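Line order of the protein sequences matches chains W and C. With the numbering used here applied, the first sequence covers 94 to 584. With the numbering used here applied, the second sequence covers -6 to 86.
Think of the hints as simulated: they come from the structure by calculation, not from any bench. Please read these numbers as outputs of a predicted model, since none were measured by experiment. Here a beta-carbon is modelled for each residue, glycine too, at the ideal position from N, C-alpha and C. Treat the hints with care, as some may be off.
The following label-pair restraints were derived from C-beta to C-beta distances [unchecked claim]:
{"hint": "1", "chain 1": "W", "residue 1": "ARG416", "chain 2": "C", "residue 2": "ASP66", "range": "42 to 52 Å"}
{"hint": "2", "chain 1": "C", "residue 1": "GLU51", "chain 2": "W", "residue 2": "ASN190", "range": "32 to 42 Å"}
{"hint": "3", "chain 1": "W", "residue 1": "GLU389", "chain 2": "C", "residue 2": "GLU70", "range": "49 to 59 Å"}
{"hint": "4", "chain 1": "C", "residue 1": "LYS35", "chain 2": "W", "residue 2": "LEU97", "range": "50 to 60 Å"}
{"hint": "5", "chain 1": "C", "residue 1": "MET(-6)", "chain 2": "W", "residue 2": "ASP510", "range": "25 to 35 Å"}
{"hint": "6", "chain 1": "W", "residue 1": "LYS328", "chain 2": "C", "residue 2": "GLU70", "range": "18 to 28 Å"}
{"hint": "7", "chain 1": "W", "residue 1": "ARG416", "chain 2": "C", "residue 2": "LEU54", "range": "47 to 57 Å"}
{"hint": "8", "chain 1": "W", "residue 1": "GLU145", "chain 2": "C", "residue 2": "MET(-6)", "range": "32 to 42 Å"}
{"hint": "9", "chain 1": "W", "residue 1": "ASP510", "chain 2": "C", "residue 2": "GLU21", "range": "11 to 21 Å"}
{"hint": "10", "chain 1": "W", "residue 1": "GLU117", "chain 2": "C", "residue 2": "ILE50", "range": "17 to 27 Å"}
{"hint": "11", "chain 1": "W", "residue 1": "PRO427", "chain 2": "C", "residue 2": "HIS52", "range": "38 to 48 Å"}
{"hint": "12", "chain 1": "C", "residue 1": "MET68", "chain 2": "W", "residue 2": "GLU158", "range": "25 to 35 Å"}
Lysine-lysine pairs mimicking DSS-like chemistry, simulated, CA-CA at most 27 Å apart [what the hints assert, rightly or not]:
{"hint": "13", "chain 1": "C", "residue 1": "LYS75", "chain 2": "W", "residue 2": "LYS362"}
{"hint": "14", "chain 1": "W", "residue 1": "LYS149", "chain 2": "C", "residue 2": "LYS67"}
{"hint": "15", "chain 1": "W", "residue 1": "LYS180", "chain 2": "C", "residue 2": "LYS81"}
{"hint": "16", "chain 1": "C", "residue 1": "LYS5", "chain 2": "W", "residue 2": "LYS357"}
{"hint": "17", "chain 1": "W", "residue 1": "LYS481", "chain 2": "C", "residue 2": "LYS35"}
{"hint": "18", "chain 1": "W", "residue 1": "LYS180", "chain 2": "C", "residue 2": "LYS67"}
{"hint": "19", "chain 1": "C", "residue 1": "LYS28", "chain 2": "W", "residue 2": "LYS450"}
{"hint": "20", "chain 1": "W", "residue 1": "LYS362", "chain 2": "C", "residue 2": "LYS35"}
{"hint": "21", "chain 1": "C", "residue 1": "LYS17", "chain 2": "W", "residue 2": "LYS511"}
{"hint": "22", "chain 1": "W", "residue 1": "LYS429", "chain 2": "C", "residue 2": "LYS28"}
{"hint": "23", "chain 1": "C", "residue 1": "LYS5", "chain 2": "W", "residue 2": "LYS186"}
{"hint": "24", "chain 1": "W", "residue 1": "LYS186", "chain 2": "C", "residue 2": "LYS67"}
{"hint": "25", "chain 1": "W", "residue 1": "LYS357", "chain 2": "C", "residue 2": "LYS35"}
{"hint": "26", "chain 1": "C", "residue 1": "LYS75", "chain 2": "W", "residue 2": "LYS421"}
{"hint": "27", "chain 1": "W", "residue 1": "LYS180", "chain 2": "C", "residue 2": "LYS75"}
Simulated coverage check for chain W against chain C, where a stretch passes if three residues somewhere in it have a Cβ under 8 Å from a Cβ of chain C [what the hints assert, rightly or not]:
{"hint": "28", "region": "198 to 208"}
{"hint": "29", "region": "234 to 247"}
{"hint": "30", "region": "435 to 441"}
{"hint": "31", "region": "448 to 458"}
{"hint": "32", "region": "479 to 487"}
{"hint": "33", "region": "515 to 522"}
{"hint": "34", "region": "541 to 550"}
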Amino acid sequence: MDLLTAKISEVAKNIKQKKISSFEVCDFFLQRAHKHNPQLNAFININDSVTEGARKVDQRIALGEDVGLMAGIPMGIKDMFCTQGLKTTAGSKILENFVPPYDATVIDRLKKQGALILGKLNQDEFAMGSSNETSFFGPVKNPWNLEYVPGGSSGGSAAAQSARLSMATLGTDTGGSIRQPAHFCGIVGLKPTYGRVSRFGIVAYASSLDQAGPMVSYVEDAALVLEVISGFDPKDSTTTQRKVPSFTKDLSENIKGYKVGILKEYLKKGVLHPDVEKSVDDAMSILKSQGCEFIELSVPMTEVAVSIYYLVATSEASSNLARYDGVKYGYRAPFKQLSSIDLDEFYMSTRGEGFGKEVKRRIMLGTYCLSSGYYDAYYNKACQVRRKLSEEFQQAFTKCDVILSPVATSPAFKLGDKISNPLAMYLNDIFTVSTNLAGLPGMSVPFSISKEGLPIGIQLQAAPFNEQKILNMAFNLENATKMSGKVPYGF
Amino acid sequence: MITEDEIKKIAKLAKLSMPENESKEFAEQLSGALKHFEQMTKINTDGIEPLVTPTQIEHFLRPDQAVQEISADKMVENAPEKIGNLFKVPPVV
Chain W
94 MDLLTAKISE VAKNIKQKKI SSFEVCDFFL QRAHKHNPQL NAFININDSV TEGARKVDQR
154 IALGEDVGLM AGIPMGIKDM FCTQGLKTTA GSKILENFVP PYDATVIDRL KKQGALILGK
214 LNQDEFAMGS SNETSFFGPV KNPWNLEYVP GGSSGGSAAA QSARLSMATL GTDTGGSIRQ
274 PAHFCGIVGL KPTYGRVSRF GIVAYASSLD QAGPMVSYVE DAALVLEVIS GFDPKDSTTT
334 QRKVPSFTKD LSENIKGYKV GILKEYLKKG VLHPDVEKSV DDAMSILKSQ GCEFIELSVP
394 MTEVAVSIYY LVATSEASSN LARYDGVKYG YRAPFKQLSS IDLDEFYMST RGEGFGKEVK
454 RRIMLGTYCL SSGYYDAYYN KACQVRRKLS EEFQQAFTKC DVILSPVATS PAFKLGDKIS
514 NPLAMYLNDI FTVSTNLAGL PGMSVPFSIS KEGLPIGIQL QAAPFNEQKI LNMAFNLENA
574 TKMSGKVPYG F
Chain C
-6 MITEDEIKKI AKLAKLSMPE NESKEFAEQL SGALKHFEQM TKINTDGIEP LVTPTQIEHF
54 LRPDQAVQEI SADKMVENAP EKIGNLFKVP PVV
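One chain only, chain W, in its complex shape (with noise of 0.2 Å):
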């Protein structure tokens, strides 16, 4: 077994069986993360405590325990996710120093599975950004070509698992955050449908859309990971109290008599890199080889998406991130007398400049479309178009089982090249916004590597409920082109 490029399942049935131990496993990323994360920037925090918590599960398993199905696996999370005890900084200077006294329910989950955490992903801060530039720790570097950005905001997680510092990471997906770093790091991410997964113990960026899910090397282990971290949650109201499928049990690359459906919005000519558009070309090929129909939609509202989405995220973000006050948890302005302290001074100190810019400049826009006078005229005319939005793909949905689609544009852009034009860089997620306004599962899966040696995914994207048909796809897909567990040059 090469740890390089194996699948979860089969690391973990390792583990149990005593042909390698947990504590060998984690000390081999543990020792990858600290070498390469000095080129990548991809933690924030490395837990070096991961090799107590594998002789730990050794230990059980010596005993005759049941350790789960992730046993003694080392995962990164992204910085979005409480971990008890573990710094979370959701890549922000406000909360540099913030130490969750509990886990998220997902991390709840994947620890009640044996998995142990690696370490504290870098991300764009509180999610908002495409490159992983915006992050108060620094901006994270592409694997496969460090003059490039990872994509965004779970650049971290693409780049660490990318480089094969972990066995598996999580993401969180607002409007694209775990399937475009995925395309631009040649891994596969999945977000699963609006509901499935639940949000307790997650920053909150905007509700209505962040969802969490795994970002991995292989299609096999993104179910596997989905399977752990579903299902209903007493602590979180928007989750499904639908029983979870056995995504691994079910995973088939059989999808004879599929239908496909394409989107005539998504591919207008001269839009498209001349290699995505060849790869979605390529991709269905190889589909219709399996057996899969392809009709023709049109979903007119998808040329409104990013606006839709800029409206409801940032709306809903600037009345998320009010909680950051300097009070409770937090950066808090430095002032020599509390007493003498006027509230609102105390205030606009504190998260003037507890958060960065692209933070600010999304709260101003929040604030403005949510103000009096503007409230109907943006917000809620936003909600409205959302509303037809998610009609539209309902109907789609009747005539098809899956939407196949670039993820973005291009493959990665080069560092610094979006950064100062924020209007161009929210232009970058057209095709995977609507994915979160319509509440979709969607998942990104390494298809094919560009002229410039970039990798490039294709998006799968199902109606709700429906994770296992696009992991079926995609498991077809990844059988065809061998293009998941690449490590590139240099890791």
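Once you've looked at the hints, dock chain C against the given chain W.
Okay, now just chain C, sitting in the frame of chain W:
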């Protein structure tokens, strides 16, 4: 178009301090974004109920019992300034 004065007003509402150079930059950038959002105005949304959450909320009731999961001492550990297990704040009255 959003003016610099409006930016200052919004910053006050959002409780954010705003240096002079930033308010100028934000005025331009926010105006650009709002101009882009105008593409939505041409869409007819008469009588459409706004969609605020994407999936149907399934109502869930739990027994009305108080549970203490984390102690108050533990919860205030992250406070920037505290006295005992109380938060220290500027005068509010």
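Verification of the hints:
Checked against the hint of 42 to 52 Å, the pair ARG416 of chain W and ASP66 of chain C fails, with Cβ atoms roughly 21 Å apart. Range check, GLU51 of chain C to ASN190 of chain W: Cβ separation about 38 Å, and the 32 to 42 Å hint holds. Restraint check, GLU389 of chain W to GLU70 of chain C: a C-beta distance of roughly 57 Å satisfies the suggested window 49 to 59 Å. Checked against the given bound of 50 to 60 Å, the beta carbons of LYS35 of chain C and LEU97 of chain W, roughly 53 Å apart, stay inside it.
MET(-6) of chain C and ASP510 of chain W have their C-beta atoms about 27 Å apart, which keeps the hinted 25 to 35 Å range intact. For the pair LYS328 of chain W and GLU70 of chain C, the supplied restraint of 18 to 28 Å holds, since their beta-carbon distance comes to about 21 Å. Checked against the hint of 47 to 57 Å, the pair ARG416 of chain W and LEU54 of chain C fails, with Cβ atoms roughly 27 Å apart. In this structure the hint that GLU145 of chain W and MET(-6) of chain C lie 32 to 42 Å apart at CB is violated, the actual value being about 58 Å.
Taking the beta carbon of each, ASP510 of chain W and GLU21 of chain C are about 20 Å apart, inside 11 to 21 Å as hinted. Checked against the hint of 17 to 27 Å, the pair GLU117 of chain W and ILE50 of chain C fails, with Cβ atoms roughly 46 Å apart. Between PRO427 of chain W and HIS52 of chain C the CB atoms are about 46 Å apart, so this pair conforms to the stated range of 38 to 48 Å. A beta carbon spacing of about 33 Å between MET68 of chain C and GLU158 of chain W agrees with the range 25 to 35 Å that was offered as a hint.
Between LYS75 of chain C and LYS362 of chain W, the direct Cα distance comes to roughly 60 Å. Violation of the 27 Å bound is thereby established for this hinted pair. Using a Cα cut-off of 27 Å, the hinted pair LYS149 of chain W and LYS67 of chain C holds, with the two alpha carbons roughly 26 Å apart. For a cut-off of 27 Å, the pair hint linking LYS180 of chain W to LYS81 of chain C stands: about 23 Å separates their Cα positions. About 44 Å separates the Cα atoms of LYS5 of chain C and LYS357 of chain W, which puts this hinted pair outside 27 Å; it is violated.
Pair hint LYS481 of chain W plus LYS35 of chain C holds up; C-alpha atoms about 14 Å apart against a cutoff of 27 Å. With a C-alpha separation of about 15 Å, the suggested pair LYS180 of chain W and LYS67 of chain C falls inside the 27 Å cut-off, and the hint holds. Between LYS28 of chain C and LYS450 of chain W the CA atoms are separated by roughly 21 Å; this keeps the pair inside 27 Å, and the hint holds. Taken as a hint, the LYS362 of chain W and LYS35 of chain C pair is honoured in the structure, with Cα atoms around 24 Å apart against an allowance of 27 Å.
Distance hint between LYS17 of chain C and LYS511 of chain W is fulfilled; the C-alpha atoms sit about 20 Å from each other, no more than 27 Å. The straight-line distance between the Cα atoms of LYS429 of chain W and LYS28 of chain C is roughly 43 Å, outside the 27 Å bound, and the hint therefore fails. Only pairs whose Cα atoms come within 27 Å are accepted, and LYS5 of chain C paired with LYS186 of chain W is accepted, the gap being roughly 21 Å. The suggested pairing of LYS186 of chain W with LYS67 of chain C holds, with an alpha-carbon distance near 22 Å, which does not exceed 27 Å.
At roughly 21 Å between alpha-carbon atoms, LYS357 of chain W and LYS35 of chain C fall within 27 Å of each other, so this suggested pair holds. A threshold of 27 Å between alpha carbons decides the hint, and for LYS75 of chain C with LYS421 of chain W the separation of about 9 Å falls inside it, so the pair holds. A threshold of 27 Å between alpha carbons decides the hint, and for LYS180 of chain W with LYS75 of chain C the separation of about 20 Å falls inside it, so the pair holds. Figure legend: the region 198 to 208 of chain W, annotated as covered by chain C; annotation inconsistent (0 residues with Cβ-Cβ distances under 8 Å, at least 3 required).
With 0 residues carrying a beta carbon less than 8 Å from a beta carbon of chain C, the region 234 to 247 of chain W misses the three-residue requirement, and the given coverage is violated. For the region 435 to 441 of chain W, the assignment as covered by chain C holds, since 6 residues bring a beta-carbon within under 8 Å of that chain's beta-carbons and 3 suffice. Restraint check on the region 448 to 458 of chain W versus chain C: 7 residues with Cβ-Cβ distances below 8 Å, three needed, restraint holds. For a cut-off of 8 Å, the count of residues in the region 479 to 487 of chain W with a CB near a CB of chain C stands at 4, and the three-residue condition holds.
A count of 3 residues in the region 515 to 522 of chain W with a Cβ less than 8 Å from any Cβ of chain C is obtained; the coverage claim is therefore met, three being the minimum. Check on the region 541 to 550 of chain W: 0 of its residues sit with their Cβ under 8 Å from a Cβ of chain C, so the three-residue criterion for coverage is violated.
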